[in-house]
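Enquirer: For reference, the chains in residue letters:
2 protein chains.
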Amino acid sequence: LNSFGNFTASADPLPSWAESDSRDRIIEFVAAVTDPQRPEYVTPAERIAVFDNDGTLWAEQPVYFQLIFAMDRLAQMAKDDPSILTTPVLQAAATGDLKTVAEGGHDALIEVLNASHSGVTVDEFQSAVADWLETARHPETELPYDQMTYQPMVELLRYLRDEGFKTYIVSGGGVHFMRVFAEEAYGIPPEQILGTYMDTTYDSADGGPVITKADGIAFVDDKEGKPINIERTIGRRPILAGGNSDGDFAMLEWTTAGDGPRLGVLIHHTDAEREWAYDRESPIGKLVDGLDKGPDMGWVIVDMAQDWSRIYTGAN
Amino acid sequence: LNSFGNFTASADPLPSWAESDSRDRIIEFVAAVTDPQRPEYVTPAERIAVFDNDGTLWAEQPVYFQLIFAMDRLAQMAKDDPSILTTPVLQAAATGDLKTVAEGGHDALIEVLNASHSGVTVDEFQSAVADWLETARHPETELPYDQMTYQPMVELLRYLRDEGFKTYIVSGGGVHFMRVFAEEAYGIPPEQILGTYMDTTYDSADGGPVITKADGIAFVDDKEGKPINIERTIGRRPILAGGNSDGDFAMLEWTTAGDGPRLGVLIHHTDAEREWAYDRESPIGKLVDGLDKGPDMGWVIVDMAQDWSRIYTGAN
Ligand SMILES: [Ca+2]
Ligand SMILES: [Ca+2]
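If you read the protein sequences in the order shown, they are chains A and W. Numbering-wise (the numbering used here), the first sequence opens with residue 10 and increments by one. Numbering-wise (the numbering used here), the second sequence opens with residue 10 and increments by one.
Simulated from the structure, these hints should not be mistaken for laboratory data. Hints are not guaranteed to be accurate.
Each pair may be met inside one copy or between any two copies, as identical chains are not told apart.
Below, in silico cross-link-like pairs of lysine to aspartate or glutamate (EDC-like), each with a Cα-Cα straight-line distance of 20 Å or less [to be verified]:
(1) K302 with D212
(2) K295 with D312
(3) K295 with D89
(4) K232 with D215
(5) K232 with D212
(6) K232 with D288
(7) K302 with D215
(8) K302 with D255
(9) K175 with E200
(10) K295 with E112
(11) K175 with E192
(12) K232 with D255
(13) K175 with E55
Treat the numbers as computed from the prediction; the structure is a model and nothing was measured.
This is chain A alone, in the form it adopts within the complex:
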């Protein structure tokens, strides 16, 4: 069966995608922009593809995995020094009380992020993330978080690279957090990961210079921030963009409004059985504008339940 699986994979670039209009349109787009004989041809240098991460490349329920990491880390830090839990929000976070953190809204989130993400060097922070990924398990699937990547999207990323695309993550998640697993999980190197970031400081200490994470979010890579960050950092307009929520609307709009062939792809979470079903009313991954306006803009709306024959990389 294994060798048959390999055979299938080499014949079919998207083996975990069911026969579907979504799959056909993606393959047709790639065929068009990579064929020098066709008018839609795009040179390799301009084949930039950008993808949101949470809810697009891996799962995001019951809450963004980075927030689970933040709360786990806070609990761990409090074991050594309980006095760091200076507010009711931090005390709640350290016990895994998501409800209280969520009720605190944006301010509570920043409080938890500052307490768990700052005051350490980038190297220390990334070691902590790596350690957490080794041992933490998702409360429902019991999978390691970095095995809750979507196998169809891992295949799509690889397919695009095989066809000369440069694949990027452009995510509301933190750059330092994502860089720990994205190369192994998605084949995307650190320099192709854009995201939210906190301020950092550079200090030339006795033991050599260090870069330390500071309090406060310097840039939020969400909504209009996504095309702004793409323009600022990549300096080219992508020809393909994938996302799953209204936080990706501007990125897909910016991408698909360019001249020539463009593709926008939205992952619609329709699979309550194998994953989660949510869109218009969800506090995480809210999707309204994309469903209302995306189809008229030519975007592919992926129906997860129908279009994907497999969900997680870490489970068949």
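With chain A's structure known, arrange chain W with the ligands on it following the hints.
Expert: Just chain W with the ligands now, with coordinates in the frame of chain A:
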């Protein structure tokens, strides 16, 4: 002669470098990190090389070329609408009066940049830069500015890429300005150009979304800002860094303090005859710390007069 020139270039990766210790040390470093049999071997993915631009890859006298562009653009804009010159500084800038602008210090510089660089879309701005490069000539050399690139550095960039390095610019100059010419001049694509940037806004207008340059500098890519930007954007510590002023000190320090083989390169402007000679006392490209501490840190100090057999790409 032309075919002989090509033959020489293919035999010698750095034909515009004189026989010198600087040249030998660069070639020895590249040989060491690219040979899988040697302990200093570095995988291609980690072969990140970063370079300052002004004074390192192209000239910067009598003043940063981007400031000359800003003043020229202001003069052009004032032809259509003289009322934009609302202050004595802007009036001076529009007449090319560098002295008054320089005396105004940082505030005057920001004033000139805001007036000449903001309120236009990125596309419009970059068209204006391209038009300027076509026609503007340097007051002393009479060369187009983008031919005042240093031929030895253009060769070094190409040599590094041929040896599997990824070459980046990390400059105090503006990203939108540099991206107009850097790909043709240096072979460095937009996504490998880091620099200072202004805020931009994303607006979804009737004619399609636009990204517009706004007033104010959002990030200054100089001094400690350079390693911070490298860490944030590239996410790997470079193994080679080149610069020419104390604005590059932190970048070279960060690069060369890493484990394993590292190389720092400082261009010392010693050539009053073919270029300019300046260092400790210069308002542009001031170099003190690099000369005092660089040699002990193992940095290569390039003596432009001695080590380069040719200066500008655009002139023999
Ligand atoms: Ca998302
Ligand atoms: Ca410089």
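Enquirer: It remains to establish, for every hint, whether it holds in the given structure.
Expert: Against the structure, the hints come out as follows:
no.: 1; hint: K302 with D212; result: between (48 Å within a copy, 17 Å between copies)
no.: 2; hint: K295 with D312; result: within (15 Å within a copy, 59 Å between copies)
no.: 3; hint: K295 with D89; result: neither (37 Å within a copy, 48 Å between copies)
no.: 4; hint: K232 with D215; result: between (41 Å within a copy, 19 Å between copies)
no.: 5; hint: K232 with D212; result: between (33 Å within a copy, 11 Å between copies)
no.: 6; hint: K232 with D288; result: within (16 Å within a copy, 45 Å between copies)
no.: 7; hint: K302 with D215; result: between (56 Å within a copy, 15 Å between copies)
no.: 8; hint: K302 with D255; result: within (11 Å within a copy, 51 Å between copies)
no.: 9; hint: K175 with E200; result: both (11 Å within a copy, 11 Å between copies)
no.: 10; hint: K295 with E112; result: within (17 Å within a copy, 53 Å between copies)
no.: 11; hint: K175 with E192; result: both (13 Å within a copy, 17 Å between copies)
no.: 12; hint: K232 with D255; result: within (7 Å within a copy, 38 Å between copies)
no.: 13; hint: K175 with E55; result: both (9 Å within a copy, 18 Å between copies)
Against the hints set out earlier in the document, a violation occurs for number 3 only.
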